[in-house]
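If you count the sequence shown from 1, position 133 lands on 133 in the numbering used here, and the numbers rise without skipping.
Check the hints yourself; a few may be wrong.
The calculated lysine-lysine pairs, modelled on DSS-like cross-linking and capped at a C-alpha distance of 27 Å, are [said to hold, decoys possible]:
id, residue 1, residue 2
1, Lys34, Lys162
2, Lys34, Lys107
3, Lys34, Lys57
4, Lys180, Lys254
5, Lys162, Lys107
6, Lys162, Lys180
7, Lys13, Lys48
8, Lys127, Lys106
9, Lys107, Lys154
10, Lys48, Lys34
11, Lys127, Lys57
12, Lys13, Lys107
13, Lys154, Lys175
14, Lys106, Lys154
15, Lys34, Lys106
16, Lys13, Lys57
17, Lys127, Lys154
18, Lys34, Lys13
19, Lys127, Lys162
20, Lys180, Lys107
21, Lys106, Lys180
In case anyone wonders, no lab produced these hints; they're calculated from the structure.
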Amino acid sequence: YCPDSVTLPVGEKRQVDCLYIEADEDHVAYQDGKNREMRLAYVHEGYKENLGSSDRKALNVRRIFTGLYEDSEELWEDVYYYLDRQYDLAACPTLYLSGDGAHWIKKGLDSLPTQTHFVLDPYHTVKYLRQACVGISTEHLYATLHRWLHTGEKDYLQDYFKVRLSDPSLSESSKQTLQKVRRYLIGNWDAIQRQRESQYIGCSAEGHVSHWLSARLSSRPLGWSTTGAENIAKARAYDLNGGDLKAWVRNQTKTAERERRVNKLDGRVGRKYARQYEWSGKVAILHYSNNTRSRQIFETIAGY
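Between the sequences and the hints, there should be enough to build the whole structure, so can you do that?
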């Protein structure tokens, strides 16, 4: 048993101009020597109003979802179920889904409202853009590539990769890096261009994975069981979503005790009726027949 945030209640339906869904995963080490993804998605409404003296902004996170979710469709169905209950989606013209471009994240577009647009998160955009400078480590080159990327100069960027990859002095490892970067940036071109839209405010999924999941699951050399890791992740999300973990534990304890009592009673009743109606070959002919030959045959069958 583990607390499930999907079951938490929601308030009255809200009307907002824009919603943000961000997703990433933590890589958790398990006792069988394998690493598995603990997936995370959360819904927020943008920045909270800053009423303090600090310039630091905080997101107005409304709901967090996490788990192994080997079938990512199940995760996105949970997210949509929450959105449909909590928001008037017909009155929300734009939803942004942000992440690193992994297939399981983009698959969310199949389940989320049709007005949802995928945006590649700026962190990974910068990461891959710096890798595009492999072998020529100058800030001027990076600034030029950055300008081309964020002003929609796709042809210029394509020509850059063509020239670099045609260089006969390029090492094999650098060539592979450039090919990977080209696939990533060109393949996510439209998702990168959406970063310039006025309502888009960036993506902080990497940081939230670190605080919400990695701090407990993967920042130290631990080996988890599949059940244990997912239970811890879901319990943390349940708490962050405003769920009462203590009340949930008390309820689970009561439920387990009721099940134990029911099972104990079932066992007692079962044993009582088993003794009462135990079949041991006691058919009438064995008790009342004087036909010795018939008795011998039935005793053989019954195992007397």
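Hints versus structure:
no., hint, in the structure
1, Lys34 - Lys162, "violated, 38 Å"
2, Lys34 - Lys107, "holds, 24 Å"
3, Lys34 - Lys57, "violated, 37 Å"
4, Lys180 - Lys254, "violated, 54 Å"
5, Lys162 - Lys107, "violated, 31 Å"
6, Lys162 - Lys180, "holds, 13 Å"
7, Lys13 - Lys48, "holds, 19 Å"
8, Lys127 - Lys106, "holds, 19 Å"
9, Lys107 - Lys154, "holds, 25 Å"
10, Lys48 - Lys34, "violated, 39 Å"
11, Lys127 - Lys57, "holds, 23 Å"
12, Lys13 - Lys107, "holds, 26 Å"
13, Lys154 - Lys175, "holds, 20 Å"
14, Lys106 - Lys154, "holds, 22 Å"
15, Lys34 - Lys106, "holds, 25 Å"
16, Lys13 - Lys57, "holds, 25 Å"
17, Lys127 - Lys154, "holds, 18 Å"
18, Lys34 - Lys13, "violated, 42 Å"
19, Lys127 - Lys162, "holds, 20 Å"
20, Lys180 - Lys107, "holds, 21 Å"
21, Lys106 - Lys180, "holds, 19 Å"
Violated hints, in rising order: 1, 3, 4, 5, 10, 18; the structure is consistent with all others.
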